[in-house]
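Taken in sequence, the protein lines are chains A and B. Residues in the first sequence are numbered from 43 upward in steps of one, following the working numbering. Residues in the second sequence are numbered from 25 upward in steps of one, following the working numbering.
Don't take each hint at face value.
Claimed, not checked - Listed next, the in silico SDA-like pairs over lysine to any residue satisfying Cα-Cα at most 20 Å (straight line): (1) A/Lys-51 with B/Phe-121; (2) A/Lys-51 with B/Glu-285; (3) B/Lys-92 with A/Lys-51; (4) B/Lys-92 with A/Arg-131; (5) B/Lys-134 with B/Asp-79; (6) B/Lys-308 with B/Arg-282; (7) B/Lys-92 with B/Thr-111; (8) B/Lys-308 with B/Thr-297; (9) B/Lys-305 with B/Arg-282; (10) B/Lys-151 with B/Thr-111; (11) B/Lys-151 with A/Arg-131; (12) A/Lys-51 with B/Leu-133.
Unchecked claim - Some residues of chain B that are not near chain A, with every Cβ distance over 10 Å (derived): (13) Val-107; (14) Leu-109; (15) Thr-111; (16) Val-122; (17) Gly-272.
What the hints contain is simulated information worked out from the structure, not anything from laboratory work. Ideal placement from N, C-alpha and C gives every residue a C-beta, glycine not left out.
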Amino acid sequence: MRNAGVIFKREMAAYFNSPIAYIFIIVFLALNAGLFMTSFFLQGQADMRGLFANLPLFLIFFIPAVTMRLWAEDRRSGTFELLMTLPMRASEVMVGKYFAALAFYMIALAGTLPIPIMLALLGNPDGGAIWGGYIGATLLGGLYLGVGIFVSGLVRDQITAFILGMISCFFLFFVGLVPVAMTIDGWIGGLGTFLQTAFGLIPHYESLQRGVISLGDVVYFLAFTAALLAMNAHWLEGRKHG
Amino acid sequence: MIEVRNVSKRFGQTVALDGVSMTVERGEILGFLGPNGAGKSTAMKIITSFLAPDDGNVVVDGMDVSEKPLDVRSRIGYMPENVPLYTDMRVQEYLEFVGRARGLSGSNLKTRLSWAVEACQLEPVFKQSILELSKGFRQRTGLAQALIHDPEILILDEPTSGLDPLQIIGIRELIAELGRSKTILFSTHILQEVAPVTDRVVIINQGCVVADGRIGELKQRAMGSNRVTLCLDELPDNLEAALTAAEGVERVVPLDERRFEIFGSFEGDLASTVAATAREKGWKLNELHEDPFTLEETFIALTKEAQSGRVRA
Chain A
43 MRNAGVIFKR EMAAYFNSPI AYIFIIVFLA LNAGLFMTSF FLQGQADMRG LFANLPLFLI
103 FFIPAVTMRL WAEDRRSGTF ELLMTLPMRA SEVMVGKYFA ALAFYMIALA GTLPIPIMLA
163 LLGNPDGGAI WGGYIGATLL GGLYLGVGIF VSGLVRDQIT AFILGMISCF FLFFVGLVPV
223 AMTIDGWIGG LGTFLQTAFG LIPHYESLQR GVISLGDVVY FLAFTAALLA MNAHWLEGRK
283 HG
Chain B
25 MIEVRNVSKR FGQTVALDGV SMTVERGEIL GFLGPNGAGK STAMKIITSF LAPDDGNVVV
85 DGMDVSEKPL DVRSRIGYMP ENVPLYTDMR VQEYLEFVGR ARGLSGSNLK TRLSWAVEAC
145 QLEPVFKQSI LELSKGFRQR TGLAQALIHD PEILILDEPT SGLDPLQIIG IRELIAELGR
205 SKTILFSTHI LQEVAPVTDR VVIINQGCVV ADGRIGELKQ RAMGSNRVTL CLDELPDNLE
265 AALTAAEGVE RVVPLDERRF EIFGSFEGDL ASTVAATARE KGWKLNELHE DPFTLEETFI
325 ALTKEAQSGR VRA
C-alpha cells in the first residue's frame, strides 16, 4: 500500500502541477452545475435528478480526457521504464494511478456539493435520492476511469487513448438504453436484452439515482471496474514479453 | 555480480539478442560497447527486468531476475538511454519521488538526496523545473535518480549521450569514482569514453557478443600485431629487407617516401628492435614512435571478424 501511496501522490501532483486540472474542474462544474441550475429554476423542484441524469453521457467525454495520459504519457516520455523498474509491483503502480484519477474526479464532483446544501436551505429534498445520486456518480466515474486506464495502456498516443476511451465508455452507455436493446432484439432475438443486462450501465445507474442502493447494482460497477483493472495489470505484466 | 546466461530476445522478426552471455564481477566497471542498434539497450532492459528474455536467464547477486524481480530492482540503480524525467516536477520533487518509491523516507531520504545532488552537481538547479533544464542537467538528474538509494549495482545506458566535452569528463570522473565501491555496467557507442573509466569491455554487434576482455587483449586478438611508425631523413636501399630480418618484425608498409609503418609481434619491444636496426645500419632517424591501434580500429576488426565468421558459418 505504501508503494501505491507514493504513486498516488505523484499522480495527484501531476494533475495539479498543470493548469489543465483547474480548467477541467471549472468546465466540469460550469457545464454540469450550469445546465442543472438553468432547469432547476424553471422546474422549481428541490431535487438533483437533472444533474445526475446527465452524468453518464457527460462523463463519456470528461473521463477519457482525465485518463488518456495515465499510461500513454509515461510510455511517450520514457518514465514508463522508470516506473516498471522500481522495486514495486506493476499492479501497485496501476492502483496508485487509478485512485489518483478517481480522487481527481471526486474533487470535481465535490464542487457540486453547494447544490444539495442550497436545496436543503430552500426546500425539503429527498436525502436518499441525493446520497444515492452521489454514490451512483462515484461508481459510474470509477467504472469509466477503469475503462480509460485500460485503454490508455494499449496505445502510445494520448489522442488515440482519448478516442478509444470515449468509444468504449459510449458502448457501456449505449447498450444499456432500452430503445437500443429493443432494436437489437428486433435483429437477433434476446441479444439486445442480454447486452443491456450484462454490460449496460444505465439500468444499474438509474436505480441508484432514485436512492435505491441495491447490492446487485453496486456489485455491477465494482466487479466491472475490478475486471478492467485486473486486465490492465495483466497487460502490464504481459508487455515484458512483447 | 551480474551474470547474463545465453539470453535471446526477438521483437517480431527482428533478433535483438542472440545467445548473449557475459559477466560483470562485483566491484567491476564494465564498458558495454556496440554500434547503435546492436542490442545494448535491450540487454540492459532485460537485466533490470523491464523486459523478459525469450531464452536464457539473468542472475544478479545470485538471484534470478525473472524469479525475484523486486529484490533485483532494489539493488540496481538504472538510468535508461531515454532519461525518464517528469517535466512537470522540480528536480527536488522528482528526486524525492524516486527516493520514496525506492523505500527511502525521513532523514535517510534527506541524507541520500543531498549526497546525490552534490555528486551529480545539481545544486544550481535543485529548485528548478525539469522542463527548463539543459541537456546536461537533465542527464545528471537522471543519473542522480539512479544513485539516490545507494545501489550496489549501476546500469547506465549511454550516460554521456548528447553532453558537451566538459560534461562528458565530469560524468566519466563520477563513474570512475563510483566504480571504487559499486558494480557498474555502462554502455556507449563512443569508444574513446571507455578507456579512461575501465579497461574491461564487452563488444556486441547485431545481437551477438563479438568480444569480451581487457582492451589490450582485444587489440592483440583483433589486430594480431603491434605497430611502430618510422620516419628517416634519407631512404636506404635495403630498408625493408633489413627490418624484416630483425626478430619480431613481420612486415613493413610504406606510408610515403620516408615514412613507414612496421608491424610486429606483441612479444618484445618492437620500437627498440627497430631503433637497434637503425643504429646498426647507420640510418638517420627523424621519427620513431609506437603507434598503438585505436579502439576504433580494434572495434572494426572485431565486428568484421564476427560478421565474416557468421557468413562462413
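Practice item. Quick one: which hint numbers does this structure break? Sort them smallest to largest. Key: 2, 3, 5, 7, 11, 13, 14, 15, 16
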